Amino acid sequence: MNGFDQIMPVVDLAAAVVFATTGALVASRKEMDILGFLWLGAITGVGGGTVRDLLLGLPVFWVANPAPMALCLLAAGLVHFTAHLVASRYRVLLWLDAVGMALVTVAGTAKATDAGAGPLIAVVMGVVTASVGGIIRDVLGQEPSIVLRREIYVTASAAGAAVFIAAHAVDVPQPMAMALGAVTAFAIRGLAIALDWSLPVYRPRPGRNPDDI
Amino acid sequence: MNGFDQIMPVVDLAAAVVFATTGALVASRKEMDILGFLWLGAITGVGGGTVRDLLLGLPVFWVANPAPMALCLLAAGLVHFTAHLVASRYRVLLWLDAVGMALVTVAGTAKATDAGAGPLIAVVMGVVTASVGGIIRDVLGQEPSIVLRREIYVTASAAGAAVFIAAHAVDVPQPMAMALGAVTAFAIRGLAIALDWSLPVYRPRPGRNPDDI
Amino acid sequence: MNGFDQIMPVVDLAAAVVFATTGALVASRKEMDILGFLWLGAITGVGGGTVRDLLLGLPVFWVANPAPMALCLLAAGLVHFTAHLVASRYRVLLWLDAVGMALVTVAGTAKATDAGAGPLIAVVMGVVTASVGGIIRDVLGQEPSIVLRREIYVTASAAGAAVFIAAHAVDVPQPMAMALGAVTAFAIRGLAIALDWSLPVYRPRPGRNPDDI
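Protein chains in written order, with full-length UniProt numbering: chain E, 1 to 213; chain Y, 1 to 213; chain A, 1 to 213.
Keep in mind the hints are simulated off the structure, nothing from the lab.
Careful: at least some of the hints might be erroneous.
As the list claims (entries may be wrong) - Using C-beta positions, here's what the derived DEER-type ranges look like:
{"#": "1", "chain 1": "E", "residue 1": "Arg29", "chain 2": "A", "residue 2": "Arg29", "range": "56 to 64 Å"}
{"#": "2", "chain 1": "E", "residue 1": "Ala169", "chain 2": "A", "residue 2": "Pro59", "range": "35 to 43 Å"}
{"#": "3", "chain 1": "A", "residue 1": "Leu191", "chain 2": "Y", "residue 2": "Thr82", "range": "32 to 40 Å"}
{"#": "4", "chain 1": "E", "residue 1": "Gly116", "chain 2": "A", "residue 2": "Gly116", "range": "22 to 30 Å"}
{"#": "5", "chain 1": "Y", "residue 1": "Pro59", "chain 2": "A", "residue 2": "Gly116", "range": "22 to 30 Å"}
{"#": "6", "chain 1": "A", "residue 1": "Ala194", "chain 2": "E", "residue 2": "Val183", "range": "55 to 63 Å"}
{"#": "7", "chain 1": "A", "residue 1": "Pro173", "chain 2": "Y", "residue 2": "Met176", "range": "55 to 63 Å"}
{"#": "8", "chain 1": "Y", "residue 1": "Ala67", "chain 2": "A", "residue 2": "Ala187", "range": "48 to 56 Å"}
{"#": "9", "chain 1": "A", "residue 1": "Ala194", "chain 2": "Y", "residue 2": "Leu58", "range": "18 to 26 Å"}
{"#": "10", "chain 1": "Y", "residue 1": "Val183", "chain 2": "E", "residue 2": "Pro173", "range": "55 to 63 Å"}
{"#": "11", "chain 1": "A", "residue 1": "Pro175", "chain 2": "Y", "residue 2": "Leu58", "range": "46 to 54 Å"}
{"#": "12", "chain 1": "A", "residue 1": "Leu120", "chain 2": "Y", "residue 2": "Val170", "range": "16 to 24 Å"}
{"#": "13", "chain 1": "A", "residue 1": "Gly116", "chain 2": "Y", "residue 2": "Leu191", "range": "50 to 58 Å"}
{"#": "14", "chain 1": "E", "residue 1": "Trp95", "chain 2": "A", "residue 2": "Gly118", "range": "41 to 49 Å"}
Treat the numbers as computed from the prediction; the structure is a model and nothing was measured.
The beta-carbon is built from N, C-alpha and C at its ideal position, and this holds for glycine as well.
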């Protein structure tokens with residue numbers, strides 16, 4: 001094939017681990033037990049891909065193959081014993097999370113395209129894969145939801161997915177189209193992090209007033 | 001057939017657009033970015049029907065056919081630029097929302113019946129279709145959930161679904177049964193709006209104490 | 001067969017009713033209408049099993065067979081009229097809930113094993129079945145989520161599921177393995193209730209700080 005079938009599981013795994021780490025960090029802020037870390041880490045890690053697969057009518061990716069779940073639990077457990085180290089390296093995590101978001105956006109979009117979805121639905125699936133885990137994490141952790149504050153997150157994901165779809169439509173080979181989409185998503189998210197010197201994940205800031213734009 | 005297959009997509013579309021508008025109005029209250037409007041509008045618009053389809057084991061209605069998602073995003077984007085106008089016409093929206101609820105209740109109930117569900121489960125599916133989108137909207141928007149405040153909403157939906165099922169059971173033709181159910185749901189909800197002169201969506205009010213009834 | 005097919009529906013039913021009762025008790029604390037009781041009772045009662053079935057790609061258990069939904073609605077409606085009695089017997093309910101958790105954990109784990117899931121995923125499904133209903137209840141009722149406070153709950157469920165899987169792996173007959181798992185889950189949860197003389201469900205307490213362990 002085009003190598004997609006080999007890349008996809010690795011991307012899903014890497015993104016799940018990164019997202020699980022962010023879930024476990026929220027658990028550490030809430031002073032939860034180790035089982036709470038595992039729960040919140042696992043649901044954050046696999047939540048987005050799970051909803052994507054259910055919507056597309058595909059088997060849920062971590063039920064047939066337990067590796068993503070195992071790695072999410074391992075990552076969350078590790079954070080339980082090292083949260084004080086990771087928390088002080090929060091900025092590193094923000095960037096890791098941006099990498100995870102970029103990878104999972106194009107992987108989710110590509111999986112939707114392969115399942116026969118049209119361009120709009122494929123972009124929606126990319127955004128769902130990238131954002132639903134974080135949304136569940138924030139609702140369960142009683143933090144302001146990702147859609148209420150990290151707007152540039154969803155924006156970056158949607159832009160990356162759209163670039164992938166556009167490149168795919170003009171017959172750019174899939175690995176190149178995926179790279180273009182991921183770089184776009186990561187660049188927008190990275191600029192948002194770099195230009196906003198606060199830490200947007202844990203400090204809610206008001207979005208722009210629609211009348212100001 | 002009986003015309004149901006022609007009516008259903010139109011009802012789903014109309015209801016999705018109305019619900020997406022309510023989601024976008026919550027986004028405007030939270031001063032979100034345009035992507036936040038699109039996210040909250042889309043999930044509010046298609047959430048109820050999505051959960052219904054997943055529970056029934058059917059393909060999710062907006063994955064195969066992108067029109068509902070496209071219209072939800074369009075409506076939410078329009079609200080982004082016109083929220084100040086719509087907000088001042090909030091009462092109009094309440095009534096539109098009541099129309100959407102009435103339509104989608106009977107459509108959801110009928111779809112469940114067609115999928116082989118018995119009467120109880122069909123009524124549950126009607127209520128799920130009418131209420132889950134709003135529940136997700138309120139949880140993500142950190143507003144008091146619809147089940148905590150708009151009790152007459154769920155009541156109206158359940159009554160409309162039950163009337164449709166009862167009419168269907170005594171061999172009333174399906175379009176007539178759907179009309180009876182929708183009118184019932186709309187009438188109960190409309191009376192609730194008309195007799196309660198506050199704006200129940202955005203101002204939580206305590207339900208009746210169970211001991212008082 | 002091994003009798004599993006006969007036990008399973010009864011266990012699902014019993015657990016659904018117990019969980020529905022806890023959902024309705026939250027509704028009573030929030031002074032909801034009877035429809036609110038039914039909604040919250042039903043979603044709490046069937047939520048965990050529903051998510052388990054969707055993840056496993058199986059038909060949702062209460063859609064084909066309406067008995068669990070009917071009993072959940074009945075239980076929630078009964079609580080509506082008797083909440084003042086039940087609330088004063090809250091400690092009894094805590095123990096009933098522990099029984100429900102123990103039963104549904106092994107039933108969920110066994111159902112996942114039967115569907116071909118490996119040991120890790122089967123344990124996850126047991127925990128999902130036991131905890132997701134309560135999580136949805138707490139999110140909708142705007143109470144601190146179960147993963148934020150009742151840590152011993154998830155721990156007990158995970159331990160019971162693991163014991164069942166381990167016993168199954170060394171060829172203990174399934175009914176005996178299920179009994180071992182359920183007793184383990186119940187014993188751990190029971191000790192947590194007995195040794196913690198507060199009422200952990202309605203009073204959030206901070207988890208242990210990860211640095212203290």
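Distance restraint evaluation - A/Leu120, Y/Val170, Cβ atoms, bounds 16 to 24 Å: violated, 52 Å
C-beta pair E/Trp95, A/Gly118: status relative to the range 41 to 49 Å that was hinted: violated, 34 Å
Supplied distance hint 50 to 58 Å, evaluated on CB atoms of A/Gly116 and Y/Leu191: holds, 52 Å
Distance restraint hint 48 to 56 Å, applied to the beta-carbon atoms of Y/Ala67 and A/Ala187: holds, 55 Å
Hint check for A/Pro59 and E/Ala169 - Cβ pair distance inside 35 to 43 Å: Cβ of E/Ala169 to Cβ of A/Pro59: about 37 Å, so the range 35 to 43 Å holds.
Hint check for E/Val183 and A/Ala194 - Cβ pair distance inside 55 to 63 Å: holds, 57 Å
Outcome for the supplied range 22 to 30 Å, where the beta carbon pair is Y/Pro59 and A/Gly116: Since Y/Pro59 and A/Gly116 have Cβ atoms about 23 Å apart, the given range 22 to 30 Å holds.
Cβ separation of A/Ala194 and Y/Leu58, checked against the hinted range 18 to 26 Å: violated, 46 Å
CB-CB spacing for Y/Leu58 and A/Pro175 relative to the 46 to 54 Å hint: violated, 36 Å
Distance restraint hint 55 to 63 Å, applied to the beta-carbon atoms of A/Pro173 and Y/Met176: Holds - the Cβ-Cβ distance for A/Pro173 and Y/Met176, about 57 Å, lies within 55 to 63 Å.
Supplied distance hint 55 to 63 Å, evaluated on CB atoms of Y/Val183 and E/Pro173: With a Cβ separation near 56 Å, Y/Val183 and E/Pro173 satisfy 55 to 63 Å, so the hint holds.
Distance restraint evaluation - E/Gly116, A/Gly116, Cβ atoms, bounds 22 to 30 Å: holds, 26 Å
Consistency with the previously given hints fails for numbers 1, 3, 9, 11, 12, 14, ordered from lowest to highest.
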